[in-house]
Amino acid sequence: MQLPQIRMQSTFAQIGLNIRKPVQEIEQPQAELNIRQEPAVLSIQQARVELHLDASQARSNIGLMTPMQFSDSNAAYGKSQWLEAVGEMSQEGDVLMRIETRSNAVAELAVDKGVLLKNGYVPPAASFDEGVEVRIESKPAVIHVERRGMRMDPVTKPPLLKYTPGKVEPYMRQWPSLKIEAIGLYVDRTM
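In terms of my numbering, the sequence shown is numbered consecutively and its last residue is 191.
There could be a bad hint or two in this list.
[Unchecked claim] In the DSSO-like style, the derived pairs of lysine-lysine whose C-alpha atoms are separated by at most 27 Å in a straight line are:
no.	residue 1	residue 2
1	Lys21	Lys162
2	Lys167	Lys113
3	Lys21	Lys167
Bear in mind the hints are in silico, worked out from the structure with no lab data behind them.
Whole structure, please, built from the sequences with the hints as guidance.
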């Protein structure tokens with residue numbers, strides 16, 4: 001006698017997953033350093049060389065005088081001529097005073113006065129190589145250097161972040177199933 005059997009055949013459910021991974025992008029922009037070398041300032045001041053020429057003595061030596069020198073020279077010449085004239089008058093007075101010596105004093109004085117020729121003012125001999133004073137004053141150059149150095153203006157930039165989140169999508173790869181069969185099912189209906 002065959003016993004009835006129940007056969008069950010089942011398949012398990014299978015779940016599939018579509019996984020999209022997250023993406024994180026990090027980008028670091030390059031920083032800007034901005035270095036500038038400031039040019040130095042150089043200033044040079046050259047003072048003028050001073051050349052002094054004093055030719056007043058040389059001019060005086062050849063008879064070319066300044067008005068002050070000319071007036072001083074004329075005053076000195078006038079004083080000497082005046083003193084000489086006073087001396088001559090004093091001598092003439094002495095000669096005239098001794099008239100008793102039986103000399104012809106008046107005639108002698110007349111001859112002396114007529115023969116003496118007075119020349120005017122004679123300047124000193126010319127000297128071309130003396131009397132010019134040359135003086136040079138040189139002044140050093142003034143150099144001023146101003147160092148201005150370096151300027152740095154850095155610009156930092158934050159990192160750029162880009163994040164795409166991941167996603168998981170489940171799906172059914174296989175649905176569950178259950179088959180139930182009855183085998184050997186002979187039922188005696190006669191009973």
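Each hint tested on the structure:
1. Note on Lys21 and Lys162: the hinted pairing holds, with a Cα-Cα distance of about 14 Å set against a maximum of 27 Å.
2. As the CA atoms of Lys167 and Lys113 are separated by approximately 150 Å, the hinted pair breaks the 27 Å bound.
3. With a C-alpha separation of about 7 Å, the suggested pairing of Lys21 with Lys167 holds against the 27 Å cut-off.
Consistency with the previously given hints fails for number 2 only.
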